[in-house]
Amino acid sequence: MIKHVTKSTYEAEVLKSTVPVVVDFWAAWCGPCRMQGTILEQLDKEITANQAKIVKVNVDEEGELAGTFGVQSIPTLLFYKDGKVVNKAVGVRDAAA
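Using our numbering, the first residue of the sequence shown is number 44, and each one after it goes up by one.
Not one of these hints is a red herring.
So the derived label-pair ranges between C-beta atoms look like this:
hint	residue 1	residue 2	range
1	Q115	N93	30 to 40 Å
2	G74	D125	27 to 37 Å
3	M78	F122	11 to 21 Å
Mimicking DSS-like on lysine-lysine, the simulated pairs with C-alpha atoms at most 30 Å apart in a straight line are:
hint	residue 1	residue 2
4	K124	K59
5	K50	K127
6	K88	K46
7	K59	K99
8	K50	K99
9	K50	K124
Think of the hints as simulated: they come from the structure by calculation, not from any bench. These numbers were taken from a predicted model, which means no experiment stands behind them. Glycine included, each C-beta is placed from N, C-alpha and C at the ideal position.
Please construct the entire structure, taking both the sequences and the accompanying hints into account.
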């Protein structure tokens with residue numbers, strides 16, 4: 044299940060996660076973000092909780108958090124492992140990415 048995270052829950056849900064995390068920075072008005080969301084929802088059904096997790100950050104509600112991580116364009120995906128960013132993707136990506 045994809046969770047929506049905020050500045051107050053980011054550390055617990057992402058930085059302290061024991062499994063890899065994909066963070067989707069998005070906005071409701073963004074067409075490509077909605078396409079990315081559909082891809083991530085499908086991927087979420089295919090992974091188990093002990094493999095990885097997917098979380099979303101609404102940039103309109105969490106602008107400061109988006110700024111902290113240098114998000115300038117959406118959708119932006121940050122890939123975390125052991126609390127550190129290991130990859131970043133801007134734009135719509137398929138599940139294989």
